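J.: Could you build all of it, start to finish, from the sequences and the hints given here?
One-letter residues, chain by chain:
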Amino acid sequence: MKVTIDPQRCQGHGRCYDLAPELFGEDDEGYGRVLGDGVVPPGEERAARVAAANCPERAIDLAEEA
Amino acid sequence: MTVDDRFTREFRQEPPAGTRNEVIAGPVSDWASDFSHLEPEWAADPYPIQDDLRARCPIAHTDRFGGGWLPTRYEDIASIAYDTERFSSRSIIMSNYRPPAEIAPVGAVPPISSDPPFHHDARKLLLPAFTKKEVARREEATRAFCHSLIDSFEGAEVVDAARDYAQHIPMRVIADMLGFPPEDGPRFRRFVESALEGVNLPPEERLARMDELFDYLYAQIRNHVADPRDDLTTYLIDVELYGRKLEPAHVAGTIALLLIAGIDTTWSAIGASLWHLAKTPADRERLVAEPGLLPTALEEFLRAYAPVTMARLVKEDMHWRGVDMKADDWVLLSFPAANRDPGQFDRADEVIIDREINRHAAFGLGIHRCVGSHLARMELRVALEVWLERVPVFGLADPSAVTWAPGQVRGPRTLPVRIG
Ligand code: HEM
Ligand code: HEM
Ligand code: SF4
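Chains S and C, in that order, give the protein sequences.
Numbered by the working numbering, the letters in the first sequence go through residues 676 to 741 in order.
Numbered by the working numbering, the letters in the second sequence go through residues 351 to 770 in order.
Rather than coming from a laboratory, the hints here were simulated on the basis of the structure.
Note that the coordinates shown come from a computational prediction; the quantities given were computed from them, not determined experimentally.
None of the hints are false.
In the DSSO-like style, the derived pairs of lysine-lysine whose C-alpha atoms are separated by at most 30 Å in a straight line are:
#	chain 1	residue 1	chain 2	residue 2
1	C	Lys-482	S	Lys-677
2	C	Lys-483	C	Lys-595
3	C	Lys-595	C	Lys-474
4	C	Lys-676	C	Lys-665
5	C	Lys-665	C	Lys-474
6	C	Lys-483	S	Lys-677
So these bits of chain S aren't anywhere near chain C, every CB distance computed over 12 Å:
#	residue
7	Lys-677
8	Val-709
9	Gly-711
10	Asp-712
11	Val-714
12	Pro-716
13	Pro-717
14	Glu-719
15	Glu-720
16	Asp-736
So the derived list for chain S, only partly shown, Cβ under 8 Å to chain C, looks like this:
#	residue
17	Glu-704
18	Val-725
19	Ala-728
20	Asn-729
21	Pro-731
Even for Gly, the Cβ is constructed at its ideal location relative to N, Cα and C.
T.: Now the structure itself:
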């Protein structure tokens, strides 16, 4: 599984880095960014799904195959 | 170095340009064709009204305020928030006054009153000071302040959780960030009430109150020009946009916005959460037993009791999703109604404190996403943590004595709770 953030949609609500701090962080203006290459380590799949489902802007994309 | 004389002249508002309509107040005949968010029924409990409208007339209309619309479906509200081409933020408070079109794209209180492309640049100036990491630095002081408020309850059996607790927290935090004297809190309260609740007052009085706010702000700004400090006011005085420092009206307008947007909203969110817990012992007991659930519960309180409704002005005549909108019609953008749309949320009308999937819109959607959302979440979490730790058992002292603010920011203003 791999996560990406669409910077065109992200408005910096920060739900992703609240809910899945292993996968997402904030930049200097509070916009979300993917940590590392976005490949979700084993055990973090659920956190990735919860983060994506809570993003108010629907900016997070989950690719199941990666 | 030249002296910064931008703020030295006596500053008064220009005589108001823009358009005004007659004030229509009094009981609503039919919410679908005559709605008003300023009537007591709405303040007391807007949700049944919104649910009824969503089912029978999802884009309601009113002739009050010179004409306006009230969408209640999540989809419609989201589309309007995203559509800055057709809906302007030139005024975001639905009232009897429309500022002139020339005020766009800056507006009186950037960035909330700004439209693209200016909006982005004005907003960018604020973002670094409001990231999660930056606001975390204020957590310890906020926690200590919450404890001191609870210390002052010593010996009381009944306290007002809105007036004696919730209200003070955002006032202190924003005063600290701006570098204003903490004892000026009560004055902020008056400014907030004038801007957000005084919408149907006569224009002369609104203007006089606005002058009072700006006189205060310019005095604080001059004080910071003479004596720069490490705070947001000094930052806004010095910061540059397009290679030059900001217009005085931009500096003062942004500070006014932070003061007004930062206080009422957060006070309402803390108050509504405590109100819910005071009347729902099962949720209160669960949160006392499982403090780790608080961040999840807090999102549910924000969804179910979203305090903030915004407004937009229609830019040009158009047919929009089945209704004929006219240029300069208001749209009341009810994030609270969006958050209770059963088309978007399961069991939308229930408060479920462990709701895991919660894509709520309490902080808005799109380019105007609340700049203060990380700060507000920190304040709300700390305020509830400290309260539940210190006052684990409490309940409504007199449910009929609870009062709610009318207008676009809704939360409890009187909230007597029994703590002893
Ligand atoms: C330089 C800045 C500002 C100027 C020149 C200005 C001017 C005016 C004028 C002339 C009115 C019309 C009064 C009436 O007929 O009711 C008005 C209304 C109003 N002002 Fe301001 N104002 C400024 C800043 C602000 C700020 C900082 C706030 C609060 C955040 C604010 C909130 C309001 C509200 C809520 C109204 C009611 C109508 C509306 O939505 O515009 N204004 N303002
Ligand atoms: C629970 C508390 C709060 C809620 C529910 C809330 C809600 C909102 C909403 C819905 C908007 C969007 C406005 C629009 O779409 O027109 C907004 C914008 C804004 N809020 Fe908040 N707010 C809260 C607390 C704060 C705090 C603490 C601050 C700062 C001290 C703040 C500063 C702002 C600013 C500057 C904007 C304008 C952003 C822009 O236009 O780009 N808010 N807020
Ligand atoms: S939750 Fe969505 S909008 Fe918010 S920071 Fe993450 S990606 Fe961006």
